[in-house]
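Each residue of the sequence shown is one higher than the last, beginning at 1 in full-length UniProt numbering.
Honestly, the hints are just simulated from the structure, not real lab data.
Hints should not be assumed to be uniformly reliable.
Straight-line Cα separation of at most 25 Å, SDA-like style, residue types lysine to any residue; simulated pairs [claimed, not checked]:
#, residue 1, residue 2
1, K130, E107
2, K73, R47
3, K73, E19
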Amino acid sequence: MMDAADASSTSVFAQMFTERDGIDTMFVTYRFQDVAGTYKLRSYAIRSNGEKQHNQIASTSNIITQHQVTYSKDQGFIALYAILAGVIYKSSQYNISDKWSSVEAVESFESRGAGFIFECVNLNPISYGKYPGLLVLAQNPSERTDALKFKANFKLDTKSNTIILDKPITTQVGEVIKFLDYDLEIKAGEETATITPTEITNDYYEYDAKFDKKEAERKVIVVGRNSKLTTLYYYNY
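All chains, please: the whole structure from these sequences, using the hints.
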């Protein structure tokens with residue numbers, strides 16, 4: 001049960017997430033003003049396995065105008081909230097039983113009342129950076145213009161696509177394979193090559209791929225996720 005008795009100026013945000021362990025979780029953030037006039041933001045989570053937890057995210061004398069939550073595998077739940085003074089903050093908790101991290105300012109804007117200022121775009125990533133899929137309404141009162149800014153630093157799940165080359169490639173013991181654009185892995189039988197980047201530019205990626213086992217000849221399979229991987233250069237040296 002959400003414990004906001006005798007509260008005023010309340011608002012609630014709720015969304016369902018699937019956590020890294022496959023459990024579905026209904027996650028709620030709720031804002032209220034207590035009898036002392038302090039604005040508080042709390043969370044309440046219910047997992048499909050029956051586990052429940054509530055925690056306090058933030059407490060401030062500033063008016064909390066908006067709040068949402070998003071999720072990544074590395075950070076867990078990420079709560080974002082805006083205050084009337086013109087700042088968007090975030091905090092995170094890896095599991096619902098953990099305490100929320102210290103709040104961090106991620107964006108500022110010109111104060112303009114209690115309307116909605118941002119939206120979380122859930123990208124379902126492995127990890128977020130400073131900006132967790134943040135769509136912000138940017139207004140210019142003097143020019144009477146509105147604009148939307150999207151800010152996100154994120155790392156998505158890697159998804160492999162098998163690339164079939166026109167001609168099979170074989171290698172000799174001690175040979176090094178270099179190829180244009182990047183891949184995820186190079187395999188020969190059950191062995192995966194050790195891949196080391198040697199040069200990365202805006203136009204192409206170059207790597208060394210080396211096998212440890214000494215075999216006179218092997219068929220090489222290249223598995224990649226870059227749709228631009230259309231050419232493979234092979235050097236015998």
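Now the hints, each set against the structure:
1. Note on K130 and E107: the hinted pairing holds, with a Cα-Cα distance of about 10 Å set against a maximum of 25 Å.
2. A distance of roughly 16 Å separates the Cα atoms of K73 and R47; the hinted pair therefore holds under the 25 Å criterion.
3. With a C-alpha separation of about 7 Å, the suggested pairing of K73 with E19 holds against the 25 Å cut-off.
Checked against the numbered hints given earlier, the structure satisfies every one of them.
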